[in-house]
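S.K.: For the protein sequence lines, the chains are B and V, in the order given. Residues 1 to 89 (my numbering) are what the first sequence spells out, left to right. Residues 1 to 371 (my numbering) are what the second sequence spells out, left to right.
The set of hints was computed from the structure by calculation and includes no laboratory data. A few of these clues could be false.
Among chain V residues calculated to face chain B with C-beta under 8 Å, some are [stated by the list, open to error]: (1) P118; (2) G139; (3) R249; (4) N256; (5) G316.
The structure displayed is predicted, hence computed values, not measured ones. Where is the CB? At the ideal position from N, CA and C, for every residue including glycine.
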Amino acid sequence: MCLAVPGKIVSVAENDTGARMGKVDFGGIAKEVSLDFVPEAGVGDYVIVHVGFALSKVDPEEARQVFEYLKQMGELSELHESSPPPASS
Amino acid sequence: MRFIDEYRDAAAVQQFARALTALVTRPWTIMEVCGGQTHAIIKFGVDELLPREVTLVHGPGCPVCVTPVEIIDQAIAIASLPHVIFCSFGDMLRVPGTQKDLFSVKAAGGDVRMVYSPLDAVNLARAHPERQVVFFAVGFETTAPANAMAVARARRLGLKNFSVLVSHVLVPPAMEAILSSPSNRVQGFLAAGHVCAVMGYHEYPPLAAKYRVPIVVTGFEPLDIMQGIFMCVKQLEEGRHEVENQYARSVRYEGNRPAQQLMQEVFEVVPRQWRGIGEIPRSGLGLRAEYQEFDAARRFGVTYLAAAESPECISGLVLQGVRKPSECPAFGTRCTPEHPLGATMVSSEGACAAYYRYRRPARPAAPSPSP
C-alpha cells in the first residue's frame with residue numbers, strides 16, 4: 001500500500017482545479033502527478049510518487065551516501081586483511 | 001531506473017551481509033513494520049542472506065490486512081447500492097468480509113472500480129453528477145495526504161456526490177502496542193520509509209528511549225533494507241537505542257510539512273480497531289467535524305456490524321510478529337490467496353501472501369547462508 005517509486009519531473013503545469021501537476025517519467029512511462037506537496041521540486045528533479053502524489057524530492061547527495069558507506073567499509077576490511085593478524089584473540 | 005537499479009546491486013547487498021556476519025555476536029530479533037518492506041525482503045531473499053543470529057519478524061504495516069471486517073462489510077453494503085460508483089485501490093477488492101468481498105459485489109453487477117489515485121475518484125464524481133461516488137480511504141500516513149487532498153478538492157469543487165469511507169491507521173501507536181505487549185520479542189525496528197517521508201521521524205525518539213530499542217528509518221530496495229538491518233544490529237551490539245535514518249535521500253527529520261498540514265486540516269486522530277489486534281487508542285485518522293458531509297458511512301447509514309473472524313486464522317499473531325506464516329497449520333492448505341482465511345493472505349503485502357508466493361513449498365529449515 002505504501003509503495004512509492006522515484007521518477008523524474010519532465011514538465012510542470014497547473015490544471016483546471018488550480019493544482020500544480022507534473023509530468024513524471026518512470027523509466028519510459030510518464031504519468032500526471034500532483035506536485036502540491038513538493039513546492040520546491042521542479043523540472044529535472046526526482047520525486048517519490050505514491051498514488052498520484054509526489055511526497056518528497058530525492059536528494060542526490062544523500063542517495064550517494066549508502067555507496068560511500070560501503071566504500072569506506074570495503075577500505076576498512078581491506079586494511080584489516082592486509083594488516084598482520086593479531087597475535088592472540 | 002535511477003534510484004532503483006543501483007539499490008538492487010547484488011554485490012553491494014552481499015558486502016553488507018558479510019559486514020553484518022562479521023559484526024553480530026548474539027541473537028537479535030528485528031521487526032520491519034511496513035508490508036512493502038516485507039514483500040521486498042521475501043521477494044529478494046534478503047532474509048536468507050542474514051547471519052543465523054538475526055531474525056526478521058514482519059510487522060502490522062499492511063493497511064489492507066489490518067482494516068477491520070466491519071469496515072469491509074460497510075464497504076460491501078455501500079458498493080451494493082445501485083446508484084453508487086465505489087472506488088478503491090485494487091488490493092482491497094479481494095479482502096473477505098463476513099459473507100463476501102468487493103469483487104463479488106462487482107461480479108453481481110455492482111459498479112466497483114479500481115483506481116490508481118483518490119483524485120481519479122474525484123474526477124469520476126465530476127464526470128457523473130447523477131451518481132454517488134465513494135472512495136475507500138484506507139492506508140497509513142503515506143496515503144493520508146492524498147486522501148485528504150481528494151476530500152479538500154471535492155469541497156473546493158462543491159461536489160455533493162463524493163464521499164469517503166475512512167479507515168486510516170497510524171504507525172507509531174501500532175509500534176508502541178507491540179513493544180508494550182508482554183509477548184513482545186522485538187528488539188529493534190526498521191521504521192517505514194514512506195510513512196516517514198510524510199511524517200518525518202520526530203515521533204520515534206520517545207519510543208526508542210522508553211523501550212530501549214533502536215529504530216532505523218529504512219527504504220524499500222534490498223540494499224536499503226540490508227543497510228537498515230546493519231545499522232540496527234550495530235546499535236544493538238553497541239548497546240545503543242537511537243533513531244537513525246538510512247533513507248535520507250527521501251526522508252527528512254521534519255517530514256513533508258504541506259502534506260502534514262492538509263492531513264491535519266481534514267483528519268483528526270481517533271481510536272481505531274486493527275484487524276487481528278483489536279482497538280489501539282489514538283491509532284487512526286477520521287474526518288474532522290467540518291468534513292463530516294464527506295463521510296460515506298454517515299451518508300449511507302451503514303451501521304456497525306459485528307463480525308467474527310475465522311477461528312483458525314492466526315493473522316493477529318502474525319501481524320504482531322509473534323508467529324511466522326509458515327507456523328500456521330492452515331498455511332498453504334486451507335488458507336491460500338484464492339481462498340484466504342484472513343487478511344494477511346489476501347494482500348500481496350501481507351506476510352502470509354508473500355510467503356505463499358515466494359517460499360512454497362515450505363522449506364523444512366532454510367539453508368543457512370554460507371559465511
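S.K.: Determine for every hint whether it applies to the structure shown.
M.R.: Here's how the hints hold up against the structure:
Contact between P118/V and chain B, as hinted, is supported at the beta carbon level, the nearest pair being about 7 Å apart and thus within 8 Å. Satisfaction of the interface hint for G139/V is found here, the shortest Cβ-Cβ separation to chain B being roughly 5 Å, below the 8 Å cut-off. This hint holds: R249/V has a C-beta 4 Å from the nearest C-beta of chain B, less than the 8 Å allowed. With its C-beta approaching chain B no nearer than about 6 Å, N256/V sits inside the 8 Å limit, and its interface hint holds.
A cut of 8 Å between beta carbons decides the hint on G316/V: the least distance to chain B is about 19 Å, and the hint is violated.
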